[in-house]
Amino acid sequence: MVSNSSDTVVLAHRVPLRSTAENALKIVVVGGFGVGKTTLVGAVSEIRPLNTEETMTRAGEGIDDLSAVRDKRSTTVAFDFGRITLNDQHVLYLFGAPGQERFWFLWDRLFSGALGAVVLVDTRRLEESWYAIDRLEQHGTPFVVARNNFDGPAHTLAEVRAALDLPDHVPLVDCDARDRESSKQVLIELLRHLHRLAEAQRAVVEETL
Amino acid sequence: MNAPRNLPGRDEDPDRLYTVTKGRSRPPEHAFDLVTLIVTEREAAPGMQSEHARILRLCATPTAVVEVAAELGLPVSVVKILLGDLLEAGTITARHPRFAPNKARLPDLDMLKQVLHGLQQL
Ligand SMILES: Nc1nc2c(ncn2[C@@H]2O[C@H](COP(=O)(O)OP(=O)(O)OP(=O)(O)O)[C@@H](O)[C@H]2O)c(=O)[nH]1
Ligand SMILES: [Mg+2]
Numbered sequence: 190m191v192s193n194s195s196d197t198v199v200l201a202h203r204v205p206l207r208s209t210a211e212n213a214l215k216i217v218v219v220g221g222f223g224v225g226k227t228t229l230v231g232a233v234s235e236i237r238p239l240n241t242e243e244t245m246t247r248a249g250e251g252i253d254d255l256s257a258v259r260d261k262r263s264t265t266v267a268f269d270f271g272r273i274t275l276n277d278q279h280v281l282y283l284f285g286a287p288g289q290e291r292f293w294f295l296w297d298r299l300f301s302g303a304l305g306a307v308v309l310v311d312t313r314r315l316e317e318s319w320y321a322i323d324r325l326e327q328h329g330t331p332f333v334v335a336r337n338n339f340d341g342p343a344h345t346l347a348e349v350r351a352a353l354d355l356p357d358h359v360p361l362v363d364c365d366a367r368d369r370e371s372s373k374q375v376l377i378e379l380l381r382h383l384h385r386l387a388e389a390q391r392a393v394v395e396e397t398l
Numbered sequence: 369m370n371a372p373r374n375l376p377g378r379d380e381d382p383d384r385l386y387t388v389t390k391g392r393s394r395p396p397e398h399a400f401d402l403v404t405l406i407v408t409e410r411e412a413a414p415g416m417q418s419e420h421a422r423i424l425r426l427c428a429t430p431t432a433v434v435e436v437a438a439e440l441g442l443p444v445s446v447v448k449i450l451l452g453d454l455l456e457a458g459t460i461t462a463r464h465p466r467f468a469p470n471k472a473r474l475p476d477l478d479m480l481k482q483v484l485h486g487l488q489q490l
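Here the protein sequences line up with chains E and G, keeping their order. Using my numbering, you'd call the opening residue of the first sequence number 190 and step up by one each time. Using my numbering, you'd call the opening residue of the second sequence number 369 and step up by one each time.
Looking at chain G on its own, in the form it has when it is part of the complex (with noise of 0.2 angstroms):
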C-alpha cells in the first residue's frame, strides 16, 4: 500500500514530458487546485491528443485535478497544463474549491458541521 506504484509519469525522461505538452510552458489562466473537480462536457473527438483523450474519458464522472495526475501517471504540473487546453477548447468545466480558509478567515460553522457530520457517518 506505502509503496509507490510504478507510474510511467515516474523517473521519466523529461523530455517525454516536455512532449506530452509540445513543449509549451504557457501556465494556463485558470489556475487549478489540487482538488479542482474537472467535469468532460464533450466527448473525445477522435484523433485528439491520447492524453486529452484519456483525461476525458477519466472526467466523465467529477474528478478532483490530483486523482486525474495519479491515474494518467503524470506529475500534477503536466496535467494542469493539458487541462488548460480543455478547458479553453471548452470540453471540460472546472468545480473549483469555494473557500481557501487563511490566516484571517477560517471556514464557516455551517460548513465545518457538514463535514463533521459527514465524518461521523463513516
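Same shape as in the complex, but just chain E (with noise of 0.2 angstroms):
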C-alpha cells in the first residue's frame, strides 16, 4: 500500500471497528449551547469526539448537487459524534446535535433512522429546551431528559419536569455528563424506555390480532 504521510498521521490515532460490524445504530444527544453534549458523548465513547459537517439547503435536504455549496442559501452545520462497539456486529453511534432552531433541518435529517434521543438539560437556562422536545414529539422520535448538573441541583426533577411540560412517561434523570457511568446511565434509561415503548406497541398489535 503506498503510504501517505497525512494518512499515517490520520490512522495512527484511530481505534478501527471490528471487521464484522455490519449493522450501526444512532442516538442523538440534543440540547441548548453548551449544555454539556460533546462531554457526555466524550464520556461513554470508545473514540475522542470527532467533527464534521454537513451542508444543506433550507428545505432540509443535505445537497447532491455541488453547486448549492456555492449557493448563499446553503448552510454548513458542524455536529460531532463518538461510536461504542456494542457486540462483534453491532455499532452505536452518538450525534451531538446543535439545539438552536436554526438548525432544526439537520436534526430531522439526523433523527431518521435514530433509536432515540438524550435531551440534555441545563436548568440554568431551561427554555432552551422547549425546542427540542417540541421538535422530538412531532417527530415521533423517542426520547428521555437528561439534566445536567453544573453546580449542585438547584431545583427538585419534580421543578424540573413541571417547568418543562414532560408528560410523566418520559424518563428524566439527572447526569453529570464528565462522567463516565453517569452518561452510561443515561443511556441505558433510554433503551429501558425504548423497550417499555417497545413491549407496549407489542401488545397492542397482539390485541388487534
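According to the in silico footprint, chain G covers these stretches of chain E (three or more CB under 8 angstroms from chain G): (1) 203-217; (2) 238-244; (3) 276-286; (4) 368-377; (5) 382-390.
Chain G is nowhere near these chain E residues, computed Cβ spacing over 12 angstroms in every case: (6) Q289; (7) W293; (8) I322; (9) N338; (10) D340; (11) T345; (12) E348; (13) D354; (14) L355; (15) P356; (16) H358; (17) V359; (18) P360; (19) V362; (20) E396.
What the hints contain is simulated information worked out from the structure, not anything from laboratory work. These numbers were taken from a predicted model, which means no experiment stands behind them. We treat Cβ as the ideally placed atom computed from N, Cα and C, and that holds for glycine.
With the hints as a guide, bring the two chains together.
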C-alpha cells in the first residue's frame, strides 16, 4: 500500500471497528448551547469525539448537487459524534446535535433512523430545551431528558418536569456529563424506555390480531 | 475536546470541493446513511484520485460514512458523492443500517436487548 504522510497521522490514532461490524445504530444527544453534549458523548465513546459537517439547503435536504455548496442559501452545520462497540455485529453512534432552532433541518436528518434521543438540559437555561422537546415529539422520536448537574441541583426533578411540561411517561434523570458511568446510565435509561415502548406496542398489535 | 478541529474541508473555498468531485452533481442512486459502514473490497490503484485512494485505505476495516468525512476533513455530502463513485466501481461495499425505526414501528425487542446488554457491559 502506498504510504502517505497525512494518512499515517490520521490513521495512527484510529481505533478501528471490528471487521465483523455490520449494523450501526444511532442515538442523538440534543440540547442548548454549551449544555454538555460533546462532554457526554466523549465520556462514553471509545473514540475521541470527532467533528464533521454537513451542508444543507434550507429545504432540509442534504445537498447532492455540489452547486448548492456555492449557493448562499445553503447552510453548513458542524456536529460531533462518538461510538460504542456493542458486540461483534452492532455499533452505536452517538451524535451531539446543536439545539438551536435554526438547525432543525439538521436534526430531522440526524433523527431519521435514530433509535432515540437524549435531551440534555441545563436548569439555568431550561427554555433552550423546549424547542428540542417539541420537535422530538412532532418527529415521533422517543427520548429521555437528562439534567446535567453543573453546580449541584438548584431545583428538584419534579420542578424541572413541571417547568418542561414533560409528560409522566418520559423519563427524567440527573447526570454528570463528565462522568462515564453517569452518562452510560442515561443511555441505559433511554434503552429501557424504548424497550417499554416496544413492549407496549407489541401488546397493542397482539390485541388487534 | 469541544473545539472543532481545524478540518481541511472547513471554511474551504467551495470551488475546491467542487474540484474534488469534478463538479459532478449526480445524486448517487445508493443513498448512504451517516452510519452506513463502508468496507474496501479492492486496494487503491496507482493514479487513482487521492481522495478515493484515502477512502480505500481508511475503509480497510468497516468505517461509517460520518467517520470517513471526519477523517478526510470533507463535508458529508462531498464524501457521499465520492463513495458513490467507489461503489459503482465495485471497490467498496456498503453495510447499510438494518432498520430504520419510525413513528409506526419501533425497533424489535431483541435488537433493543442487544443494545442494552452492550451498554451494560461498558
Ligand atoms: N462543572 C461542570 N462542567 C461541565 C459539565 N458538563 C460539561 N461541562 C463543561 O461545560 C462546557 C461545555 O460543555 P460541552 O460538552 O462542550 O457542551 P456542548 O453542549 O457540546 O456545547 P456546544 O456544542 O458548544 O453547544 C465544557 O467546558 C465542559 O467541560 C458538568 O456536568 N459540570
Ligand atoms: Mg459540542
